[in-house]
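Start from the sequences and build out the full structure, keeping to the hints where you can.
Heads up: the sequence lines are chains W and V, in that order.
In terms of this note's numbering, the first sequence is residues 17 to 128.
In terms of this note's numbering, the second sequence is residues 152 to 264.
Keep in mind that the hints were calculated from the coordinates and are not lab data.
We put the CB at the ideal spot given by N, CA and C, even for glycine.
Not one of these hints is a red herring.
Just a few of them, taken from the derived set where beta-carbon distance is under 7 Å, the chain V residues facing chain W:
(1) G193
(2) V201
(3) F241
(4) A253
(5) F255
(6) Q257
Single-letter residue listing:
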Amino acid sequence: SQKIEQNSEALNIQEGKTATLTCNYTNYSPAYLQWYRQDPGRGPVFLLLIRENEKEKRKERLKVTFDTTLKQSLFHITASQPADSATYLCALAKGNTGKLIFGQGTTLQVKP
Amino acid sequence: NAGVTQTPKFRVLKTGQSMTLLCAQDMNHEYMYWYRQDPGMGLRLIHYSVGEGTTAKGEVPDGYNVSRLKKQNFLLGLESAAPSQTSVYFCASSYGTTNTEAFFGQGTRLTVV
Numbered sequence: 017s018q019k020i021e022q023n024s025e026a027l028n029i030q031e032g033k034t035a036t037l038t039c040n041y042t043n044y045s046p047a048y049l050q051w052y053r054q055d056p057g058r059g060p061v062f063l064l065l066i067r068e069n070e071k072e073k074r075k076e077r078l079k080v081t082f083d084t085t086l087k088q089s090l091f092h093i094t095a096s097q098p099a100d101s102a103t104y105l106c107a108l109a110k111g112n113t114g115k116l117i118f119g120q121g122t123t124l125q126v127k128p
Numbered sequence: 152n153a154g155v156t157q158t159p160k161f162r163v164l165k166t167g168q169s170m171t172l173l174c175a176q177d178m179n180h181e182y183m184y185w186y187r188q189d190p191g192m193g194l195r196l197i198h199y200s201v202g203e204g205t206t207a208k209g210e211v212p213d214g215y216n217v218s219r220l221k222k223q224n225f226l227l228g229l230e231s232a233a234p235s236q237t238s239v240y241f242c243a244s245s246y247g248t249t250n251t252e253a254f255f256g257q258g259t260r261l262t263v264v
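Here it is in structure tokens:
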């Protein structure tokens, strides 16, 4: 079965720095990969989607890369702010199977 | 625009009791999902549906049943609750094509004592 791994250790960085989070997967290659943000006590909120034929996607201060050879996606937040502190989840699905599988998430703490 | 609404938000059950969690979406989405979230385990898929009248098992389906009688509603049932089902449950929906995101409800915190 598909396995998705995110760094379970919290990431602590200083305000203004770039945060980089990693998502690794095994077995089949997904048609697309998504990143979500989750705040305590709330449901996840969609941030970005990247398709298997795309290398990079940007949205404001966010950037996602997708390396299907390494089976890895990197999620970057540039000029990080304390308000970026949250848990970030990656998720993937294979084609139209309908199954959307999530990693366990990485908690980011941005210190002022 | 309500999005995805889960009912109830909190519930305490005794072992062996049954209950149904309701998820409603007003976005005309085809796909709907039920997840549970436990500390250190992340979101795990329980059951999902790719359209009205259809359901399928996810990663951790044992002890749960689901129904999708109407497109906008997806029900999750616990027939005989166990303490291991203590968790936060999230419902989500999506258009179901290959390129769209999932919208989540606010979660239901269930405690089984």
